[in-house]
Amino acid sequence: MTAAAVPAAPAAAAPRRSNRGSLPGFGLSLGVTVTYLSLIVLIPLAGLVWKTASMDAGALTRAVFSTRALAAYRLSFGAALLAGGINVVFGLILAWVLVRYDFPGRALVDAAIDLPFALPTAVAGIALTTLYVEQGWIGRFLEPHGIKIAFAPAGIVIAMVFVGLPFVVRTVQPVLVDLDVHMEEVAATLGASRLHTLRRVILPAVMPAALTGFALAFARAVGEYGSVVFISGNMPGKTEIAPLLIITKLEQFDYPGATAIALVMLLASFVALFAINALQAKIRK
Amino acid sequence: MKDPRFLRWSLLAVAFLFLALFVGLPIAAVFVEAFRKGTAAYFEAIRDPETIAAIKLTLLTAVISVPANLVFGVAAAWLIAKYRFPGKKALLTLIDLPFSVSPVIAGLIFVLLLGARGIFGRFLDAHDIHIIFAVPGIVLATTFITFPFVAREVLPIMQDLGSDEEEQALTLGASGWQILFRVTLPKVRWGILYGVILCNARAMGEFGAVSVVSGHIRGQTNTIPLQVEILYNEYNLSGAFAVASILTVLALLTLLGKKLIESRIRVRA
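Those protein sequence lines, which keep their order, are chains A and B. Take the first sequence: its letter number 192 is residue 192 in this note's numbering, and every next letter is one higher. Plus 285 on top of the position in the second sequence (first one is 1) and you've got this note's numbering.
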């Protein structure tokens, strides 16, 4: 379609019914969206807040700050931070290799990165555990050296690295594609060393995207249950992650206790969500 | 600018090793363990009545929650792509919310709302309606977890393709439904299929949320992932991995479908 073929701007040709846009269906699509969102997401989440509000403040504080709960947060948040960091390092390498290098099997590698999104967490959990137990394919080489991964905090980190694997790659990849190779060439012609170019040109460009990927991987890892619960060992105070503690409390019908821990985790994921939105606004700028 | 040879080779080696460790070995382990006791034992594990019941329940759950999220996803994408209105950003954040809620918490909120001691517990009990520790709870929790998938995949494509054709159809006298079914949906069909595939994979594989609301009643409220857990905890490893291999094949097919659609979308763009 050439410009000459359309003498009048389409906006002027179609009479506007309102300043929202001229197409019909605003009321219906708004109604469906808001009703369904309320029924499936908002009302159930509001129930959690309602339950918390009806709890005794003293009991709530005790549940939030119990020794067992504190150990669980420390483990969940600590392991998720570490896993997120590992994902940033390997995510940057994977994204770089996929964008810049041409090698046989590239399409396969690109597809393999999404596997943690597609593989059900329980399957990932039992598969990883089988690999890292004493007699496992990987465990048998580590056990003689006294390195314990399954049923230890290290196993939790491994499972969290698995679930967070795609995030950094997928956020950094498009930025690297858009990054002007000429800028690097100019930097090189001006006498900048490779390391200098990396530090001054490439890293600043991909950092916001890498941090977004980190926040996404962290948020996913903190709440992760299926992949972690098999490999973690689940010893209270030692290898018990926060989501598992919620389930344990529920099974003991300690609803206030479960709610209190859920609230702490929900707050943490909202902080992560907020950070992700802020970072994405920065990337778009 | 090309990286020097040794750098290329070492980065490639690191990338391949990392993926072999975290993707290749776990997948290989699933199939090796599944067939450890032979093909006959494998098919026996899959033909077990409890496993069949779990497969049926998983299919039922997906058949309800995926279409529900599909209708919602198209409505939400249409709303956000086609109109300007206050609160649009807030609405988008709310749609994304289930992505950042732990699956365990997703299960918990439905227990707090609809369980025996929940907010509506007494009302439901008086009317003999069972949601938690029953099939409706499993469907609800799965729908919550997979809520954003279709909306999130369809929206950017609808936004990219713009509304010019829709506006033209409108001036030619088409009704809203005609525009939706004849113009918009054909335009975004690959995006819809993409969202449905991802939504379905998650719906069939969800573990944490379903685990909280299911009550683990064998043959009744067990989905495939829960059946995997039960067999594994009974030290029936080859059985657990045999059932897990069904889900692994589903995951591999999902990835294949995803790649095929991605190349379609890229060609069109």
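Derived by calculation from the structure, the hints in this document are not laboratory data. Just so you know, even glycine gets a beta-carbon here, dropped at the ideal spot from N, CA and C. There may be inaccurate statements among the hints.
Listed next, the in silico DSSO-like pairs over lysine-lysine satisfying Cα-Cα at most 27 Å (straight line) [as the list claims (entries may be wrong)]:
#1 B:K472 x B:K544
#2 B:K374 x B:K472
#3 B:K472 x B:K543
#4 B:K322 x B:K341
#5 B:K322 x A:K282
#6 B:K341 x A:K282
Footprint (simulated), chain B over chain A, 3 or more residues, beta carbon under 8 Å [said to hold, decoys possible]:
#7 21–31
#8 35–49
#9 198–206
task: Sort out which numbered hints this structure fails and list those numbers smallest first.
output: 5, 6 and 9
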